[in-house]
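Undergrad: What follows is each chain in one-letter form.
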Amino acid sequence: MNHKWNFDAVWDNPEALLAGAVGTLRIFVICLVLGLSLGLLVGLGRYARRKWIYIPVSIFVEFFRNTPVLVQILWFYFALPILMPFEISPLMAAALGITLNSAAFSGEIFRGGIQSLESSQWEGAQALGMTHAQALRRIILPQAVKRMLPALTNRAIEIFKMSTLASAVAYVELLQQGKLIASINYNPIEAYTVVALIFFAFLYPLVQATYLLERKLRQGD
Amino acid sequence: MYQWDFTPVLVNSGMLAAGLGNTLKLTVTALAFGVPLGLGLALLRLARWRILSLPAGIVVEFFRTTPPMVQLFWFFFALPILIQVEMTPFVAAALTFSIQSAAFFAEVFRAGIVSIDSGQSDAARALGMTGAQSMRRIILPQAVKRMIPAFMERSIELMKTTTLVATVAYADLLFQANELAQKTFRPLEVFTVTALIYFAVIYFVSLVVHRIERRLAVSGETTVH
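Sequence order for the protein chains is A and B.
Using this note's numbering, the first residue of the first sequence is number 81, and each one after it goes up by one.
Using this note's numbering, the first residue of the second sequence is number 25, and each one after it goes up by one.
If you are wondering where the hints come from, they were derived from the structure by calculation, not from laboratory data.
Each hint should be verified, as a subset may be incorrect.
27 angstroms max Cα-Cα, derived DSS-like pairs, lysine-lysine [stated by the list, open to error]:
#1 K169(B) with K49(B)
#2 K207(B) with K241(A)
#3 K207(B) with K184(B)
#4 K184(B) with K49(B)
#5 K49(B) with K241(A)
#6 K184(B) with K259(A)
#7 K241(A) with K296(A)
#8 K241(A) with K226(A)
#9 K296(A) with K226(A)
Being a predicted model, the structure only gives us computed values, none of them experimental.
Kindly generate the complete structure, drawing on both the sequences and the hints.
TA: Here it is in structure tokens:
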């Protein structure tokens with residue numbers, strides 16, 4: 081334990097970490113927005129009575145929930161370009177993998193949330209003359225979303241953590257920049273410690289907010 | 025139109041089999057160390073003395089809150105220099121995933137223990153048992169049964185997370201797939217087959233989990249998540 085800590089390479093290259101943070105936030109926001117919106121569709125699809133919707137959606141969910149997300153990302157990066165007439169950038173491959181994975185997982189959250197409401201809610205809406213789509217939008221979803229909120233914020237945290245996998249295809253995000261800084265003066269200890277602390281600083285408030293939300297909702301119900 | 029050809033994958037299937045073997049070895053090792061370590065962390069976190077519960081809480085929160093990929097890089101590239109011990113990729117990976125899964129298992133154990141009605145420990149004390157005795161003989165046997173589904177789901181997550189070692193040169197299934205793709209110039213076939221292998225193994229385990237969960241539900245057993 082006689083290591084001399086030397087953070088010079090970290091402090092001398094603030095723009096490297098800044099670029100990494102921007103990259104992390106960019107892929108996080110893309111995957112959060114696309115993943116959750118697609119997840120809502122997936123959740124509704126798994127709730128559908130028509131078999132031609134239900135079956136493909138279920139296969140999609142089972143496949144993406146039961147394979148590792150890094151395998152998905154590498155498939156999109158190395159395998160998909162062979163089938164596609166265009167190039168796939170690191171951002172595109174990583175965002176595709178993380179988005180589809182999150183859609184599968186959040187689809188199950190949406191499905192569970194919608195199913196958790198009593199059928200009398202549907203019946204009441206129907207009695208008021210609402211169509212199925214109106215009942216879903218005005219009556220069911222607003223109530224279901226409240227119940228799903230803790231599970232959805234947990235998903236957001238998972239997406240933030242998964243964004244580091246984009247470094248496997250050399251997308252510029254925090255961990256990737258950590259590798260770069262580690263190689264400058266050969267100081268991996270300082271570089272990776274700082275990266276870990278930055279992630280902790282981003283994620284810890286999110287985790288605590290989720291705990292708080294869970295407790296508040298449990299008291300409210 | 026692309027001409028699919030799986031022969032190069034079939035000819036080299038031994039490479040993928042070796043990778044799958046290493047994936048399973050790493051998963052089992054991490055479980056073997058992660059579970060007892062997780063139980064220890066849970067008990068420490070539940071301890072009445074803050075000098076025990078506070079550090080355990082910090083370890084658990086830190087490992088649950090930071091991305092596993094960052095932890096892996098730290099253990100691989102920073103720790104060996106810090107403690108000046110050379111580590112094989114397997115040791116570094118097993119260390120990372122043992123501690124990481126211990127943090128998650130600790131929360132499963134804690135939720136299970138807390139879920140047991142306090143009347144149980146009161147009754148154990150009334151019978152003259154010490155705290156340790158009541159934990160071992162009364163609380164844990166009941167808690168463990170409730171934790172089985174959460175515990176198995178966590179094990180599935182662990183197996184998926186082990187793929188991250190492919191980025192730091194431990195020859196797991198994904199790493200072998202990458203090698204094979206470069207060797208045969210057939211990334212489409214290799215990565216598709218690899219995804220299907222992972223799916224087969226993980227889907228099988230999740231089916232078993234669902235079955236156990238249903239059986240516990242039938243027997244009226246509450247479970248924790």
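Undergrad: Look at each hint and say if it fits the structure.
TA: Each hint tested on the structure:
1. K169(B) with K49(B): 26 angstroms, holds
2. K207(B) with K241(A): Given that 27 angstroms is the threshold and the Cα spacing comes to 31 angstroms, the pair is violated.
3. K207(B) with K184(B): 25 angstroms, holds
4. K184(B) with K49(B): OK: K184(B) and K49(B) at ~13 angstroms, within 27 angstroms.
5. K49(B) with K241(A): Judged against 27 angstroms, a Cα distance of about 25 angstroms means the pair holds.
6. K184(B) with K259(A): Roughly 23 angstroms between the alpha carbons, so the hint for K184(B) and K259(A) holds.
7. K241(A) with K296(A): Roughly 25 angstroms between the alpha carbons, so the hint for K241(A) and K296(A) holds.
8. K241(A) with K226(A): Judged against 27 angstroms, a Cα distance of about 24 angstroms means the pair holds.
9. K296(A) with K226(A): Roughly 11 angstroms separates the two Cα atoms, so the pair holds.
Going through the hint list in order, the structure does not satisfy hint 2, though it satisfies all others.
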